[in-house]
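Take the given structure of chain A and dock chains B and C to it, following the hints.
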Amino acid sequence: MNEQQKKMTLIVFSNDMDKAMSAFILATGAASSGMRVTMYFTFWGLSLLRKKDYSRQGKSLIERMFGWLLPEGPDETRLSKMNFLGAGTKMMKSIMRKKKIFQLNDLMDMAVSLDIKIVACTTSMEMMGIKREELIDNIEVGGVATYLGNARESAVNLFI
Amino acid sequence: MNEQQKKMTLIVFSNDMDKAMSAFILATGAASSGMRVTMYFTFWGLSLLRKKDYSRQGKSLIERMFGWLLPEGPDETRLSKMNFLGAGTKMMKSIMRKKKIFQLNDLMDMAVSLDIKIVACTTSMEMMGIKREELIDNIEVGGVATYLGNARESAVNLFI
Amino acid sequence: MNEQQKKMTLIVFSNDMDKAMSAFILATGAASSGMRVTMYFTFWGLSLLRKKDYSRQGKSLIERMFGWLLPEGPDETRLSKMNFLGAGTKMMKSIMRKKKIFQLNDLMDMAVSLDIKIVACTTSMEMMGIKREELIDNIEVGGVATYLGNARESAVNLFI
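Chains as they are written, first to last, in the working numbering: chain A, 1 to 160; chain B, 1 to 160; chain C, 1 to 160.
Just to be clear, a hint being listed does not mean it is correct.
Identical chains blur together in the list; that is why a pair holds if it fits in one copy or across any two.
Think about it this way: if two alpha-carbon atoms lie no more than 20 Å apart in a straight line, the pair counts; the simulated SDA-like pairs of lysine to any residue are [to be verified]: (1) Lys90 - Glu126; (2) Lys59 - Thr122; (3) Lys99 - Pro71; (4) Lys93 - Thr122; (5) Lys117 - Tyr54.
Hints are computed from structural coordinates only; laboratory data are not their basis.
Bound conformation, chain A alone (with noise of 0.2 Å):
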């Protein structure tokens, strides 16, 4: 294996339960496996590292109508398809528990023991009016360069 076969970098774009399941899944696997993995998390992506009921205090109407909006981390997330109003997410999730196949929260934890880079996207941060500390530890900021960085020198790339 050469360097650039070591190492995996995904964008997040996504906030879908069922996508970001497929995130975590393959940089786990990838982390597990020796790889060195990057995700980087835009656009609707970035609610799934928001802290639970962060204060919405000295923010405009309009961030706290995105903050109300949007997931507040792995929980609040759901289905992209047959969501039915959250009866088919719930159903998915007992399925899981009862097969002891692994939450989504489980798999971000497991992402933070396992060294997986992860990077919140500072435009969108901007966007949503969401600050550094709305967000979980562990996690760095960075733009468009810092993504270019690690993926130019990735084997595999995903947009997810």
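Frame of chain A; chains B and C shown alone:
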């Protein structure tokens, strides 16, 4: 061309007709020009590989619901946009017939005859309670390690 | 940096405002840092390249319907989530104006001036009955072989 440039690996996550068509047009185009192509079907994409009218015997209620709600192979897929309760999808199919553009099932047959490697994701199979015998022939099953093994050696990696 | 690391090739499949913005932010960011970028517009993404108010003369009824339903260029695109019948998209645009973040049409102008190669997918043009003269200037047309030729030589390949 080096070895890596001769390989393409696609993750097919979606079961939308339009995205599946894109995946198979890319895959068959690449295989026709001599590239070795692997398509890895995960999550909703898995339903593209389902046989028609497979018996639901021995399945739990929830698994039967999934079986009933998800498309059984390419003929039951729909457009991701402008579906209009099926009318948009029908219209698009009739246009393709008229203009002699390959339909999704034609493209899937081509993929098999071009020796494209088709892999069904084992985690997704477990999650949705889909057994090997419910899926079409000429495919393999594999997990994230199978995917990564192929992707690492491919110049072109996409998540569709 | 080797030759491959200097190239990026993006498939733009979606015509959602948010995904199109991501594509152009990545593309212009890469081109600004000296990378050679190709953007390949296929399926719904093709409508991003449409001129405004192009005459529908000489088109079939179905082709005129597509023409009417699909956005004419970047100004008519919408968010993939939280569109709320257009209100969410308008809100997002007003935020971007206030915070001086580039809008989609600004990014597209930048892409042209940065010599990003923009390619319209011929199969998609045929499928939707879109002729070359309906699309903006400074672009090329090409099929899957054109895409693969570029992608094979690129370190960063994404499907958006």
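Okay, the hints, checked on the actual structure:
1. Within a single copy, Lys90 and Glu126 get their C-alpha atoms only as close as 32 Å, which misses the 20 Å cut-off; across copies the closest is 17 Å, which meets it.
2. In this assembly of identical chains, Lys59 and Thr122 lie within 20 Å of each other by CA distance solely inside one copy; the values are 17 Å within and 45 Å between copies.
3. Taking CA atoms no more than 20 Å apart as the test, Lys99 paired with Pro71 passes in neither setting, with 25 Å inside one copy and 23 Å between copies.
4. In the homo-oligomer, the alpha carbons of Lys93 and Thr122 lie at most 20 Å apart only across protomers (18 Å), although the nearest pairing inside one protomer, at 31 Å, exceeds that limit.
5. For a Cα distance limit of 20 Å, the shortest separation of Lys117 from Tyr54 qualifies neither inside one copy, at 23 Å, nor across copies, at 43 Å.
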